[in-house]
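*Asks:* Got chain A; can you put chain B on it based on the hints?
Chains A and B are the protein sequences, given in the same order.
In terms of my numbering, the first sequence opens at residue 1 and continues consecutively.
In terms of my numbering, the second sequence opens at residue 564 and continues consecutively.
Just so you know, these hints were derived from the structure itself, not from any lab.
Treat the numbers as computed from the prediction; the structure is a model and nothing was measured.
The reader is advised that the hints may include incorrect statements.
What the hints assert, rightly or not - The calculated label-pair distances, taken between Cβ atoms and stated as ranges, are:
1) A:Pro-293 / B:Thr-638: 34 to 42 angstroms
2) B:Ser-691 / A:Lys-14: 50 to 58 angstroms
3) B:Glu-662 / A:Leu-106: 57 to 65 angstroms
4) A:Asn-17 / B:Gly-580: 25 to 33 angstroms
5) B:Glu-597 / A:Gly-108: 30 to 38 angstroms
What the hints assert, rightly or not - Derived contacts from chain A toward chain B, CB cut-off under 10 angstroms, selection only:
6) Val-115
7) Gly-119
8) Lys-126
9) Lys-132
10) Leu-179
11) Arg-180
12) Lys-202
13) Ser-306
14) Ile-307
15) Arg-308
16) Lys-309
For each residue, glycine too, the CB sits at the ideal point set by N, CA and C.
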Amino acid sequence: MKLSGAKILVKMIKSQNVDTIFGYPGGAVIDIYDELSKNHDLRHILVRHEQGAVHAADAYARAKGSVGVALVTSGPGATNTVTGIASAYMDSIPIVVFTGQVPTALIGNDAFQEVDIVGITRPCTKHNYLVKDIEKLAKTVKQAFYIAQSGRPGPVLVDLPKDVMAAKIDFKEPEDITLRSYKPTYDPNKKQLSKVVDLIKKAKKPLIFAGGGVILSKASKEITDLANMADIPVTASLMGLGAFPGSSPLWLGMPGMHGTYRANMSMGNCDLMIAAGVRFDDRVTGKIEKFAPYARIVQIDIDPTSIRKNVDVACPIVGDCKQTLKILNSMLKDEDPKAVKGEREEWMQQIEQWKATSPQRYDQNDDIIKPQYVIEQLYELTEGKAIITTEVGQNQMWAAQYYHFDKPNHFITSGGLGVMGFGLPAALGAKAACPEKTVVDIAGDGSIQMNIQELMTAVESKLPVKIVILNNRYLGMVRQWQELFYDKNYSCTNMEMAPDFIKLAEAYGATGMKATKPSEVKETLSKGLKTKGTVIMEFIVEREESVYPMVPAGRALTEMLLV
Amino acid sequence: MNTDKHLLSIVVDDEPGVLSRIAGLFSGRGYNIESLSVAPTARPDLSRITMVTRGDDHIIEQIKKQLHKLINVLTVSDLTDKKYVMRELALIKVHAKPEQRAEILRIVDIFRCRVVDVGHEHYTIEVSGDEGKLKALMNLLKPMGIIEIARTGSIALARENSK
Chain A
1 MKLSGAKILV KMIKSQNVDT IFGYPGGAVI DIYDELSKNH DLRHILVRHE
51 QGAVHAADAY ARAKGSVGVA LVTSGPGATN TVTGIASAYM DSIPIVVFTG
101 QVPTALIGND AFQEVDIVGI TRPCTKHNYL VKDIEKLAKT VKQAFYIAQS
151 GRPGPVLVDL PKDVMAAKID FKEPEDITLR SYKPTYDPNK KQLSKVVDLI
201 KKAKKPLIFA GGGVILSKAS KEITDLANMA DIPVTASLMG LGAFPGSSPL
251 WLGMPGMHGT YRANMSMGNC DLMIAAGVRF DDRVTGKIEK FAPYARIVQI
301 DIDPTSIRKN VDVACPIVGD CKQTLKILNS MLKDEDPKAV KGEREEWMQQ
351 IEQWKATSPQ RYDQNDDIIK PQYVIEQLYE LTEGKAIITT EVGQNQMWAA
401 QYYHFDKPNH FITSGGLGVM GFGLPAALGA KAACPEKTVV DIAGDGSIQM
451 NIQELMTAVE SKLPVKIVIL NNRYLGMVRQ WQELFYDKNY SCTNMEMAPD
501 FIKLAEAYGA TGMKATKPSE VKETLSKGLK TKGTVIMEFI VEREESVYPM
551 VPAGRALTEM LLV
Chain B
564 MNTDKHLLSI VVDDEPGVLS RIAGLFSGRG YNIESLSVAP TARPDLSRIT
614 MVTRGDDHII EQIKKQLHKL INVLTVSDLT DKKYVMRELA LIKVHAKPEQ
664 RAEILRIVDI FRCRVVDVGH EHYTIEVSGD EGKLKALMNL LKPMGIIEIA
714 RTGSIALARE NSK
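Bound-form chain A, shown alone (with noise of 0.2 angstroms):
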């Protein structure tokens, strides 16, 4: 039977267990909007910038464990996904990104609408397609996915010229997928794990570092097993949060440079590190000569290139987390359990003494809301369950700090590329993989400004999300660096220009609520969270609040500001 190139493409799509694409039609991709509207099962979500079809995609693939799915026409449609494409890059995230491209003829000749999509996104997808023989569509398609979700994930992009998404074969179903030149390493090496156990047995101040690969392999269970197990306290990076219980005695929080102190102390005290899935980036590490001085380091990570990339390693170990770790549990099962757990009495003792002298805290008056305060009421009021996305800055911070997540794909943020404007279309990507889930963006009035116009999508697609803004009237994290290192000199930072942000959501047809007093909060959240459809809640929070505790840029991650 003869199939056009869309249909081959929408057959492909579905056959990869999507049921969720977000996009943007133009003129480069009618065909395969025209093939799109004839297939019920596969269910699209028209964004309102293109840029936000990538971020939903992102979270939809990391909300269900799976490849996230974006299309969009040629020219503008795809340059305005390459902020999205980054962002799932630097954070390891399965998407496709399909766009349009001009016919095969026109391209090279300034036609319009044409840019070189494929040369543009080289450096930020881990790999990237321009299909111009149709025969080869279905292959390449299938070549995709596999790459996106394998080995280390990431973003891949395919651009479809118009000529080929019109022509018509004898479709053939593909053939397995083996690239010659590209095999990841799963399984680790048993000799190295064995070296491991002997450090977990001799180690006196040992320490877990979970980052976003536990999370990516799906192995929070092994790696919670192997704290127990073993009596390691764990602490994992922003990327990381949910692999292990927030709510485990054992949980030290987040390290770096808003990490609580507890965290970065025993990073620059432990004499052993076991780190799964992280890739020592330099909020995490502060400086790097004097990053965790005592410490034996193994690095386990699928990707050779994270290895020994920032810091030196004691026991390189490549390999998928979840396998490497289930290894690793099963071969200290057959050791003497005390052996195994050792003598860590004084090093927990010490953690504790860490955790006592210098908590987390802010001081809520009677008068002004501390952003700190809403989210822990947040926290409360979700009990914890809620799928969180934030955009970036102080409103990722206070989040990341002050929701603890006990499971994993509950915190989605732009961790690596930190992009303002993630956080409300990654809400619709959550929120239309988890439908049963409550989604919270917590914002600030500067970043939820970058992205609004998807408040149209949230409401004409029927994502009822919850939009908590923190409104400092301030660019405040740049500000909280203007204050500590520039003098006070608040350069462009001053955002006391903004819209009514209750009408800005009963404009687009959500719900707008505001609170002003401490004593607004929780009623605002409880009202906001029950009230159907999509709303926006803000709270008008203390301007020159900064997030705390900080290590400043350049310094050793015990030399922190307090506060």
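*Replies:* Below, chain B alone, put in the same frame as chain A:
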């Protein structure tokens, strides 16, 4: 800091854009390419890239890993510490006034290279060899006045183990 030269031999899929992926990796991450040569291998669907790069051990390790991570890269071998044969080809156009011609031809003879183009005022010399030989030849020709040089960059293959 030790920034030794490394000679990498990289086998890649012969597909459009592969060279750009490799060049982009180097520019994006701030690595250095001293010379680069690309040509088909014995298999029509594969190309070999021979590259001379510089860096300390840490950077070279990252370069090799990052190259290997590219989907179109099949193998990356660092020939530096192995036994290998390396050659480079150069074309050197040099001023050849009548009184200098004999001297130039003597040099050509000593270096076992060839004159491939002759004019009233110039010779074009074809030379192949390792970097040291090319450098020595150019030094000797310099006083005559070198007009233009075209070089291929190094190409290399590992030696087979002799039994």
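*Asks:* Take the shortest C-beta to C-beta distance between A:Arg-180 and chain B; is it under 10 angstroms?
*Replies:* holds, 6 angstroms
*Asks:* Would the hint on A:Arg-308 be counted as holding, given a Cβ-Cβ threshold of 10 angstroms to chain B?
*Replies:* holds, 7 angstroms
*Asks:* Holds or violated: is the Cβ of A:Ser-306 closer than 10 angstroms to a Cβ in chain B?
*Replies:* holds, 9 angstroms
*Asks:* Quick check on A:Ile-307 please, does its C-beta sit within 10 angstroms of some C-beta on chain B?
*Replies:* Cβ of A:Ile-307 sits 8 angstroms from chain B, so the hint holds.
*Asks:* Honestly, do B:Glu-662 and A:Leu-106 meet the 57 to 65 angstroms range at C-beta?
*Replies:* holds, 60 angstroms
*Asks:* If you check the beta carbons of A:Pro-293 and B:Thr-638, does the distance land in 34 to 42 angstroms?
*Replies:* holds, 38 angstroms
*Asks:* With a cut-off of 10 angstroms on the beta carbons, see whether A:Leu-179 makes it to chain B.
*Replies:* holds, 7 angstroms
*Asks:* Quick check on A:Lys-126 please, does its C-beta sit within 10 angstroms of some C-beta on chain B?
*Replies:* With a closest approach of 7 angstroms, the A:Lys-126 hint holds.
*Asks:* Does the Cβ pair B:Glu-597, A:Gly-108 satisfy 30 to 38 angstroms?
*Replies:* holds, 31 angstroms
*Asks:* Checking hints one by one. Is A:Lys-202 an interface residue toward chain B, by the C-beta closer than 10 angstroms rule?
*Replies:* violated, 28 angstroms
*Asks:* Return holds or violated for the Cβ distance of B:Ser-691 and A:Lys-14 against the range 50 to 58 angstroms.
*Replies:* holds, 57 angstroms
*Asks:* Tell me if the interface restraint on A:Val-115 is satisfied: Cβ within less than 10 angstroms of some Cβ in chain B.
*Replies:* violated, 15 angstroms
Going down the numbered hints, you'll see the structure goes against 6 and 12, while the others check out.
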